[in-house]
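Protein chains in written order, with our numbering: chain A, 10 to 151; chain B, 10 to 151; chain C, 10 to 151.
Each hint should be verified, as a subset may be incorrect.
What the hints assert, rightly or not - Simulated crosslink set (DSSO-like; lysine-lysine; CA at most 30 angstroms straight-line): (1) C:K108 - A:K113; (2) C:K123 - C:K108; (3) C:K123 - A:K138; (4) B:K13 - A:K138; (5) C:K138 - C:K13; (6) B:K16 - C:K113; (7) A:K123 - A:K138; (8) C:K138 - A:K13; (9) A:K16 - C:K123; (10) C:K123 - B:K13; (11) C:K16 - A:K113; (12) A:K16 - C:K16; (13) C:K113 - C:K16; (14) C:K113 - C:K123; (15) B:K108 - C:K138.
It should be emphasised that the hints constitute simulated quantities derived from the structure, not laboratory data.
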Amino acid sequence: MDDKIRKVSIIISKGGLEGVYPGLIMANGARMEGIEANLFFTFFGVATVGNPGMHMPSLLGILPGFSAMATSMMKKTMDKIDIPPVPEFVEMIADAGGKFYACKATVDMFKLKKEDFCAQVDSIINVGKFYEIAAGGEIIFT
Amino acid sequence: MDDKIRKVSIIISKGGLEGVYPGLIMANGARMEGIEANLFFTFFGVATVGNPGMHMPSLLGILPGFSAMATSMMKKTMDKIDIPPVPEFVEMIADAGGKFYACKATVDMFKLKKEDFCAQVDSIINVGKFYEIAAGGEIIFT
Amino acid sequence: MDDKIRKVSIIISKGGLEGVYPGLIMANGARMEGIEANLFFTFFGVATVGNPGMHMPSLLGILPGFSAMATSMMKKTMDKIDIPPVPEFVEMIADAGGKFYACKATVDMFKLKKEDFCAQVDSIINVGKFYEIAAGGEIIFT
C-alpha cells in the first residue's frame, strides 16, 4: 500500500521552452491533484520567472537555450495547442497555490536582484533552504 | 537502517541516444534488482517508444536531439559495446516487467495517436495519473 | 510534520560547466546542512571526475558539452564570482564528506579505467549498487 505523493519540489535549471515547460506542466499537474508544488529556478531556468517589465541582464539572453530555433519552433506549436505562454502559465500555477523560489547562487552569479523577478517569486533561497522546503516530498530536477 | 528502494518512475523527456539511454539503463538496472520500474515518455522522449512500423510526425524528426552528430557518434560507440539498440532495449525492459507510459500533454501537443507508439506502451496518461503510479517510490526526470 | 532530508544521491550525466555545476552545488549545499551526499557520474558527466594527470580518451573531448561556447562563457563568469573551478570544487565536497562514484556502464562504454579518474572517486559501481546506496534518500538526476 503506497502513500500518495503529498509534495513535489521541481528544479527548473534549463532555458528555452523545452527546458521550462516540462517543469511547469509537472507543477500544474501536481496542483490539479491537490499535491503541494514548489518551483526552484536555477541557472538558465531563472529567466522563466523574469520580471516582464525589466530585461534580465543580457548575459542570460545570449546563453544557450534562449534563442534556439527549437524554441521558436515550439512556440509555433504552442500557439496551436492548449498550453499557455510562460508568464500566464506561471501566474496560473501561482494562483493555484504553487510556490516559486529563485536560487541564491544563480542570483549572485548573474548579479540579479529581487526586482529582476516577476511578482510570483516568493523569495531568493539557498540550496539548504531548498532541501528544507522539499523535505517529505519528491525532488524533480528538470 | 534505510529502506530498500521498491519503485522507480523514470521520466524520459529528451531525444537522441544521450537523452534516452540513461533512463533505459536506470530502468533496466532497477528490474535486474527486482525494483518496480515505470517509464514515462514526454516531450522529445516520446520518439523512444515510436511504432517502428510508422513514422512519428516529422515535426519530431526535425526537433533537437534527433539528428545530432552526437547521436551518430554514440551509435558507432554503441555498436562496439554491449548495449542493445533502443527498440530491443525497450522490449527487453518490458519483458523484464518494466511498464511504459506516454504523456497525454505531449501526445496532444504533437497530435499523436496510440498507434504511433510501439506495442510496449501500456497507455497514454496525464501527469496526475503519473504521480499516482509513482507514489511510494523515487521519481527520476532525465 | 515532514521528515528532514537525510541523504541525496545526485547523478551527473551531462558535460560542460552548465551540466556539471548544478549537481556539485546541490551536493555541496547538502553537505553544508549535514545531509549525506553521494555523486554518481555517468555518460558525459564522467569527465567531471577525470584524473587531471591524464586525459580522458579523446572520444569524450569531442562529444557535446565539452567545448561549447557556453562553457567558455560561463568560465569567464565563474572567474568573477565565488564558485571554485571543477577540480577544486570536487576536492572541497570530498573533504566535506561527499562520496564520488563512477558508472560501470559508462566506464565500459568509453573503455575507461580506474586510473582515468581523480583520487576522489571511491569506486566504479553499477546501477543496482547505486540504488542500494541511494536507498532512504532523494535521487536527483542532473
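Open item on the list: When the structure is checked against the list of hints, which entries are broken? Sort them ascending.
Closed with: 3, 9
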